[in-house]
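Asker: Take a look at the letters that make up each chain.
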Amino acid sequence: MRPSAVALVLRLLLALLLLAAALAAQGQPRLDFRAALSAAGDSVVFPADAAARTVALPDEWARSRPGSGGPVWYRIEFEAPDAWIRGDLLGLYVERACSAIEVQLNGERVHLGGRLAPPPSRLCHRPQLVALPAALLRAGTNTVDVKVVGYPLAALASRQRAGGLSALQLGRYAELQAQYTRRHALQVMLPQIASTALLLTGAFMLLLGGVRREHVHLAYYGLFAIGWGLVGARLWWAELPVSGHAADLLLVAFMPLVVAATVLFVLRYAGIAGARWVDLALVAQCLIVPLTLLLAGPQRLFTVASGWYALFVIQIAIAIGLHLRVLWVHQRRRVAPMAALMLAGLLLLLAELAAQRYAAPAGWVVLPQLLIAAAIVAMGLYLLREHRQVLQRVEADRHSLEARVREATAQIERNFEQLAELRVEQVTQQERKRIAADLHDDLGAKLLTIVHTSHDDRIAALAREALDEMRLSVRGLTGKPVRLTDALADWRAEAVSRLAQTGIEAEWHDTVRDDTPTLSARVYVQTTRILREAINNILKHSGATRCVLRVSLEGGDFGLSIQDNGRGIPLELDGRLDRGHGMTSMKHRAKQMHGQCLVESGPGLGTVIRLTLPLESPPRSA
Amino acid sequence: MKSILLLEDLPQIRAWLEDLLHEVFPQAQIAQAARVHEAQSLVSALAFELALIDLGLPDGSGVDVIAALREQQPEALSVVVSIHDDDEHLFPALQAGAYGYILKEQSREQIKVQLERIAQGEPPLSPSIARKVIAHFAAQARPQVPAIPHVQLTDRENEVLLRVAKGYTLPEIGQQLGLSRHTIADYVKQIYRKLNVSSRAEAALEAQRLGLFGRR
Numbered sequence: 008m009r010p011s012a013v014a015l016v017l018r019l020l021l022a023l024l025l026l027a028a029a030l031a032a033q034g035q036p037r038l039d040f041r042a043a044l045s046a047a048g049d050s051v052v053f054p055a056d057a058a059a060r061t062v063a064l065p066d067e068w069a070r071s072r073p074g075s076g077g078p079v080w081y082r083i084e085f086e087a088p089d090a091w092i093r094g095d096l097l098g099l100y101v102e103r104a105c106s107a108i109e110v111q112l113n114g115e116r117v118h119l120g121g122r123l124a125p126p127p128s129r130l131c132h133r134p135q136l137v138a139l140p141a142a143l144l145r146a147g148t149n150t151v152d153v154k155v156v157g158y159p160l161a162a163l164a165s166r167q168r169a170g171g172l173s174a175l176q177l178g179r180y181a182e183l184q185a186q187y188t189r190r191h192a193l194q195v196m197l198p199q200i201a202s203t204a205l206l207l208t209g210a211f212m213l214l215l216g217g218v219r220r221e222h223v224h225l226a227y228y229g230l231f232a233i234g235w236g237l238v239g240a241r242l243w244w245a246e247l248p249v250s251g252h253a254a255d256l257l258l259v260a261f262m263p264l265v266v267a268a269t270v271l272f273v274l275r276y277a278g279i280a281g282a283r284w285v286d287l288a289l290v291a292q293c294l295i296v297p298l299t300l301l302l303a304g305p306q307r308l309f310t311v312a313s314g315w316y317a318l319f320v321i322q323i324a325i326a327i328g329l330h331l332r333v334l335w336v337h338q339r340r341r342v343a344p345m346a347a348l349m350l351a352g353l354l355l356l357l358a359e360l361a362a363q364r365y366a367a368p369a370g371w372v373v374l375p376q377l378l379i380a381a382a383i384v385a386m387g388l389y390l391l392r393e394h395r396q397v398l399q400r401v402e403a404d405r406h407s408l409e410a411r412v413r414e415a416t417a418q419i420e421r422n423f424e425q426l427a428e429l430r431v432e433q434v435t436q437q438e439r440k441r442i443a444a445d446l447h448d449d450l451g452a453k454l455l456t457i458v459h460t461s462h463d464d465r466i467a468a469l470a471r472e473a474l475d476e477m478r479l480s481v482r483g484l485t486g487k488p489v490r491l492t493d494a495l496a497d498w499r500a501e502a503v504s505r506l507a508q509t510g511i512e513a514e515w516h517d518t519v520r521d522d523t524p525t526l527s528a529r530v531y532v533q534t535t536r537i538l539r540e541a542i543n544n545i546l547k548h549s550g551a552t553r554c555v556l557r558v559s560l561e562g563g564d565f566g567l568s569i570q571d572n573g574r575g576i577p578l579e580l581d582g583r584l585d586r587g588h589g590m591t592s593m594k595h596r597a598k599q600m601h602g603q604c605l606v607e608s609g610p611g612l613g614t615v616i617r618l619t620l621p622l623e624s625p626p627r628s629a
Numbered sequence: 033m034k035s036i037l038l039l040e041d042l043p044q045i046r047a048w049l050e051d052l053l054h055e056v057f058p059q060a061q062i063a064q065a066a067r068v069h070e071a072q073s074l075v076s077a078l079a080f081e082l083a084l085i086d087l088g089l090p091d092g093s094g095v096d097v098i099a100a101l102r103e104q105q106p107e108a109l110s111v112v113v114s115i116h117d118d119d120e121h122l123f124p125a126l127q128a129g130a131y132g133y134i135l136k137e138q139s140r141e142q143i144k145v146q147l148e149r150i151a152q153g154e155p156p157l158s159p160s161i162a163r164k165v166i167a168h169f170a171a172q173a174r175p176q177v178p179a180i181p182h183v184q185l186t187d188r189e190n191e192v193l194l195r196v197a198k199g200y201t202l203p204e205i206g207q208q209l210g211l212s213r214h215t216i217a218d219y220v221k222q223i224y225r226k227l228n229v230s231s232r233a234e235a236a237l238e239a240q241r242l243g244l245f246g247r248r
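Chains Y and C, in that order, are what the protein sequence lines are.
Sequential numbering of the first sequence, starting at 8, is according to this note's numbering.
Sequential numbering of the second sequence, starting at 33, is according to this note's numbering.
Because the hints were derived from the structure by calculation, they are not lab data.
By construction, the Cβ of each residue, glycine as well, lies at the ideal position given by its N, Cα and C atoms.
Keep in mind that a hint or two might mislead.
Listed next, with one range per pair, are the computed distances between beta-carbon atoms [as the list claims (entries may be wrong)]:
hint: 1; chain 1: Y; residue 1: Pro488; chain 2: C; residue 2: Pro43; range: 55 to 61 Å
hint: 2; chain 1: Y; residue 1: Arg557; chain 2: C; residue 2: Pro43; range: 44 to 50 Å
hint: 3; chain 1: Y; residue 1: Glu514; chain 2: C; residue 2: Lys34; range: 40 to 46 Å
hint: 4; chain 1: Y; residue 1: Arg617; chain 2: C; residue 2: Ala79; range: 31 to 37 Å
hint: 5; chain 1: Y; residue 1: Pro488; chain 2: C; residue 2: Gly92; range: 41 to 47 Å
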């Protein structure tokens, strides 16, 4: 076993060695070029005659050759073993070339990255991958020349777009392609997606906010989002028919609009109407900024733009401060999330500005831009959520309003019915009054004439009774119930004053304190007549000097007694008892009221008349 | 009483009342009228000390004649003579300036006594009328109605009214308050006068409110 084991180990080692050799032979070309031979000149090939010098890569023209816009040639050389030439396709990866390049391999053009003729394309954010055809490779030393055309920093607004060339990588095309794809996705595709998202969100919110005045902050948000979406488009919008300077000038001139939208959104969102001069100042800024840029000229765009950018950030920061202060006062609950979102946005903005002003590490350049877009979209979603809540509230309000309208309608209908009933009641009342007036004017007048013109006392008395009856009938039509206490006051006044007029001493004993019982008009009038008749008797026939009247209220029965100390009524004959004394009519009246009227009398004993009436459910019979 | 106006549409009743007036005031000149417009022209032409006025007349209400007398001859005493014994008819007459009211159906003797007392300056005041007067002034004192300060009742007048409303006679009230019969009668006259003044002021205010005045 041992020899075979050794043999196995040996054979394994051999296999590994062979594999390694094969791999070595295959070759893993991977070269990073951190330096290149560089020469300026607008020639078709690398200008051999010009003074070439070795520069470090990445080479930023703003440092190495300030004010220059190219073209600048770079040359790198590498040894290609045979394996490379026969192996996989080779590629040259240019992470950043600003803004357009041409690549030559061994003097043959293999790649054109953008338009080199003025105005050159703006491909600063676009990584480039160049295939190096095997057919052009030579065994031994190969030369790669890269011609770069760009813009000097001073003419631009951002260092990100200033002319220059990054480090170059040479390797298998397939491997570099993965790297290229990642970078392309980050720097071109994501910004495209972000811009599109912002433009769509913005347009949507603009439409939503434009509908109603109280949602104006949504409209400003829409403008704000669209503005940032357009600003972000610069990352992937490479082919412009104008020079890089003009494009950046337009971009910076556009910024005040975006800033105005941002500031107004932040203010309106907090419900700050803002002074008129603020609006005017924002508008004025939109005019002043391009003016200053034009006056500054192509050589000072970067400086002036940087100044303006700082000013813009300050304006936005102030708006955010005001917004948060209002929230702190009125809606403290919302301060924390809003402060986090807005301050994060502000920090990202600062980072973005820093990246534009100073050289940012490659790969980090677009991050703030992407995050700002994300923050703006997040803000949009938050606003939508709020808007939905508002809509729900409005819907709820509408429902409650409808309920109230229904209620009010029902109420109006009820009222209308009541009014109709009242109207019927009124008409009935008027009709009753008319009948009553007719009776008085016609029948009443005739009876009255009989009362005063008849020479027969009996007829006069009958007419007076008829008058009473008529009046009672009319009262039955129109009379209102009388409170017992009011009735007692009336009776007391009449009885006492009439007795006193003829010198009869009158006493009134009244124990009724209850204010609630009422008498129907009929009972009131009938009782008044009985009392009046009784007093008449005393005045006419009794010769009394003293009269005591007592009122009682016991168990729902009303009692009235009238006692005098006169002669009394002579009890001659049953039928004659009543002669001229009206006793019959008094008893008759009491009976009509379901009560009774008792007379106690005897010669020389005076007279007591006791009237008792049930108060409940007074009869209405005739 | 030297000159008396008698307004009554029923000839027999008018004759009966005239007879009665001659009996009570033998010296008096009696001018008769059967219609409101006749009475109005008499009021414009002649001066009266006393006027007996029926309310329900073929061409209108006697209340208008009472108001005209109040306007043109404030010294004349207007007395209602009516078949109606309910306050709904009597109270407006009192508001218009009547100083008393007599129910026609009463016996000749009763009416005579009442006429004499009115002529002597003792206008009648029944409990139910007193209650109505109290209610009238209470309504005027409500803040939403602009009250007229000089037509408020005095405390004494209120006291008298309250006692009348409870059924006490004027002599009884005089005893209770320690005042003479004449003083009490003066209070009653005062109450009637203020009722008339405040009712007219109220009517003017009401007219103003309805825009009858001061609108072009």
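Asker: None of the hints should be skipped; say for each whether it holds.
Answerer: Hint check results:
1. Pro488(Y) with Pro43(C): 55 to 61 Å: Roughly 38 Å apart at Cβ, these two residues miss the hinted range, so it is violated.
2. Arg557(Y) with Pro43(C): 44 to 50 Å: holds (46 Å)
3. Glu514(Y) with Lys34(C): 40 to 46 Å: holds (42 Å)
4. Arg617(Y) with Ala79(C): 31 to 37 Å: violated (54 Å)
5. Pro488(Y) with Gly92(C): 41 to 47 Å: Hint violated: Cβ distance 32 Å, outside 41 to 47 Å.
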